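Novice: Taken in sequence, the protein lines are chains Y and Z. Residue 80 in my numbering sits at position 80 of the first sequence; the count goes up by one each step and never skips. Residue 31 in my numbering sits at position 31 of the second sequence; the count goes up by one each step and never skips.
The reader is advised that the hints may include incorrect statements.
Said to hold, decoys possible - Simulated pairs of lysine-lysine, DSSO-like, Cα-Cα distance not exceeding 30 Å:
| no. | chain 1 | residue 1 | chain 2 | residue 2 |
| --- | --- | --- | --- | --- |
| 1 | Z | K171 | Y | K4 |
| 2 | Y | K55 | Y | K69 |
| 3 | Y | K55 | Z | K89 |
| 4 | Y | K69 | Z | K63 |
| 5 | Z | K171 | Y | K55 |
| 6 | Z | K63 | Y | K55 |
| 7 | Z | K187 | Y | K64 |
| 8 | Y | K64 | Z | K89 |
To be verified - Chain Y regions said to be covered by chain Z (calculated; three or more residues, Cβ under 8 Å):
| no. | region |
| --- | --- |
| 9 | 13 to 20 |
| 10 | 27 to 36 |
| 11 | 118 to 125 |
Said to hold, decoys possible - Listing some non-contacts, in silico: residues in chain Z with all C-beta distances to chain Y over 10 Å:
| no. | residue |
| --- | --- |
| 12 | D27 |
| 13 | E121 |
| 14 | A131 |
| 15 | V149 |
For the record, the hints were derived by calculation from the structure and aren't laboratory data. Given the structure is predicted, the values throughout are model-derived calculations rather than measurements. Glycine included, each C-beta is placed from N, C-alpha and C at the ideal position.
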Amino acid sequence: MNGKPKNDVEQLLRLADALVEDIMNASDEEIMNELKDEGDDLAQSAAATRALFDKAAIVAAKGKLLDAKAAVAANRQRSVAILKLDPTKVRERLRRIIANDPEEFTMAARKGDVLSDEDVRGIIEDLVELGLIDDDGSAKK
Amino acid sequence: MAPGQNAPATSELTPAEAAAAIRTLTDVGWVRLRKIARAFALSRPADADDLLQRAMMRTLEGKRRCPRDVDIIKFLADVMRSIASDWAKARRRRPDHRAVPLEGGPDDPPIDPPEDRPDQEEQLIEAEEAARLRQRVIDLFADDVEAQVMVEGIMEGMEGEALRATTGLDKTAFASKRRQIRRQLDKTYPAGWKP
Numbered sequence: 001m002n003g004k005p006k007n008d009v010e011q012l013l014r015l016a017d018a019l020v021e022d023i024m025n026a027s028d029e030e031i032m033n034e035l036k037d038e039g040d041d042l043a044q045s046a047a048a049t050r051a052l053f054d055k056a057a058i059v060a061a062k063g064k065l066l067d068a069k070a071a072v073a074a075n076r077q078r079s080v081a082i083l084k085l086d087p088t089k090v091r092e093r094l095r096r097i098i099a100n101d102p103e104e105f106t107m108a109a110r111k112g113d114v115l116s117d118e119d120v121r122g123i124i125e126d127l128v129e130l131g132l133i134d135d136d137g138s139a140k141k
Numbered sequence: 001m002a003p004g005q006n007a008p009a010t011s012e013l014t015p016a017e018a019a020a021a022i023r024t025l026t027d028v029g030w031v032r033l034r035k036i037a038r039a040f041a042l043s044r045p046a047d048a049d050d051l052l053q054r055a056m057m058r059t060l061e062g063k064r065r066c067p068r069d070v071d072i073i074k075f076l077a078d079v080m081r082s083i084a085s086d087w088a089k090a091r092r093r094r095p096d097h098r099a100v101p102l103e104g105g106p107d108d109p110p111i112d113p114p115e116d117r118p119d120q121e122e123q124l125i126e127a128e129e130a131a132r133l134r135q136r137v138i139d140l141f142a143d144d145v146e147a148q149v150m151v152e153g154i155m156e157g158m159e160g161e162a163l164r165a166t167t168g169l170d171k172t173a174f175a176s177k178r179r180q181i182r183r184q185l186d187k188t189y190p191a192g193w194k195p
């Protein structure tokens, strides 16, 4: 830690650093003895801290769930937008995309004429997912 | 990559690996973590438990990643320090910090953050509180000149040999005095330092 602390809070943090260094250097036995001196029980104290971790894990999982729900909602919205596109126009756009990059889309080009509307929408969704085209089916600039 | 071949390990633990490392701490490890949280709990509205819980959440969410060669307790200590420092700096922008409530379901509306406009009066109060706390900590060792010199030296940014030379203590006595200071502060501020 370099430099002179700029204010009282920084000064207190420096002191906390020294205290933490001491905690890290203390042996397990020393920590247990301290706890005993303070009238605390090792198992109970550890359990109380572990409970904080369990709570943190629940909150973190809840956050992940919310993120996942938001991603699903965004994906559904995109699918609905693509579903609303006219099948003839979507097929035409797909042809144009393939024509622009025939090597990349050889397989799709070969199957182009036998694809169902659903297949075509699926390909468009994939291309949107890959960021190659916009939701309205137009190629990205 | 050939089938069945493991992905190359990154230099940092994944959130799941960090969670596993925390979950398997010994009882003493958990206690050590709580003591560290107590040392860093400087911000007025937050206590040691808030700080520790927040540090663990950031780790589990992957917002902070533990390098593989760093002890998980040391890593969480660094995260707590960073959070404590941020809270102290940003109090005027985020005046209220407390543990996230666990009640309710995932469809509950997000927590409404408090007013975040800078408030000069609050900044002044904050600065006064820190100054008062600093003075109380120094006064706590009024009867022990060596401890007081050490506390003031540390707070002034001194460390290592320079600090030890100022106190006039040998290595063992210095370590013992630092321990004594910590234990005295622990007794005085059991839930974190309060002005």
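Novice: Which of the listed hints are broken here?
Specialist: Hint check: 5, 7, 11, 12 and 14 fail, others pass.
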